[in-house]
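Enquirer: Sequence:
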Amino acid sequence: MGQKASLSQKLEPLLDVPTADEARLRELAAAGLEHRVRENHARYRRGEISFGRFAEELGFNAWELTHILEEMGLPTTNLPG
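Its first residue numbered 6, the sequence shown is counted upward by one per residue in this note's numbering.
By construction, these hints were calculated from the structure, which means they are not laboratory data.
Treat the hints with care, as some may be off.
Once the Cα atoms are required to be at most 20 Å apart in a straight line, the calculated EDC-like pairs of lysine to aspartate or glutamate come out as [stated by the list, open to error]: (1) 15 / 53; (2) 15 / 32; (3) 15 / 26.
Derived Cβ-Cβ restraints for the label pairs, each shown as a range [stated by the list, open to error]: (4) 50 / 28: 26 to 36 Å; (5) 79 / 10: 10 to 20 Å; (6) 28 / 52: 33 to 43 Å; (7) 16 / 78: 30 to 40 Å; (8) 85 / 39: 39 to 49 Å; (9) 28 / 51: 18 to 28 Å; (10) 12 / 82: 16 to 26 Å.
Quantities reported herein were computed from a predicted structural model and do not represent experimental measurements.
We put the beta carbon where it would ideally sit given N, CA and C, even for glycine.
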């Protein structure tokens with residue numbers, strides 16, 4: 006099986022901008038996505054949205070979102086504890 010792509014690797018095709026500011030654009034996009042993940046993660050943990058909805062709102066499937074949360078060190082369930 007192939008190796009899973011990191012968050013930055015998934016963003017790469019979306020950010021194919023040949024400019025001197027390419028690295029900065031990548032940083033901004035990653036920061037924006039991270040912010041959206043953290044916002045929706047808080048909603049998920051409070052029980053406001055399901056895991057499937059959480060993934061859908063970010064444009065990922067559940068497996069991809071699980072991998073992203075693990076990379077970010079965030080819980081993948083909304084169970085107390």
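Enquirer: Are the Cα positions of residue 15 and residue 53 separated by 20 Å at most?
Expert: Violated - the C-alpha atoms of residue 53 and residue 15 are around 27 Å apart, more than 20 Å.
Enquirer: Taking 26 to 36 Å as the hint, is the beta-carbon distance of residue 50 and residue 28 inside that range?
Expert: holds, 32 Å
Enquirer: The hint says 18 to 28 Å between residue 28 and residue 51; measuring C-beta to C-beta, is that right?
Expert: Given range 18 to 28 Å: violated, Cβ gap about 35 Å.
Enquirer: Measuring from beta carbon to beta carbon, are residue 79 and residue 10 in 10 to 20 Å?
Expert: Hint holds: Cβ distance 18 Å, inside 10 to 20 Å.
Enquirer: Quick check on a hinted range of 30 to 40 Å for residue 16 and residue 78, using CB atoms only.
Expert: Since residue 16 and residue 78 have Cβ atoms about 19 Å apart, the given range 30 to 40 Å is violated.
Enquirer: Given the hint that residue 15 pairs with residue 32, test it: the Cα-Cα distance must not exceed 20 Å.
Expert: Given pair residue 15, residue 32 holds - Cα atoms ~13 Å apart, limit 20 Å.
Enquirer: Hint says 16 to 26 Å; check whether the CB-CB distance for residue 12 and residue 82 agrees.
Expert: Distance hint for residue 12, residue 82 holds at roughly 20 Å.
Enquirer: Do the Cβ positions of residue 28 and residue 52 conform to the proposed distance bound of 33 to 43 Å?
Expert: Given about 38 Å between the Cβ atoms, the range holds.
Enquirer: So does residue 85 sit 39 to 49 Å from residue 39, Cβ to Cβ?
Expert: Check failed, 25 Å falls outside 39 to 49 Å.
Enquirer: Residue 15 and residue 26 were given as a pair; does the straight-line alpha-carbon distance stay at or below 20 Å?
Expert: Between residue 15 and residue 26 the Cα gap is close to 19 Å, so the pair holds against 20 Å.
Against the hints set out earlier in the document, violations occur for numbers 1, 7, 8, 9.
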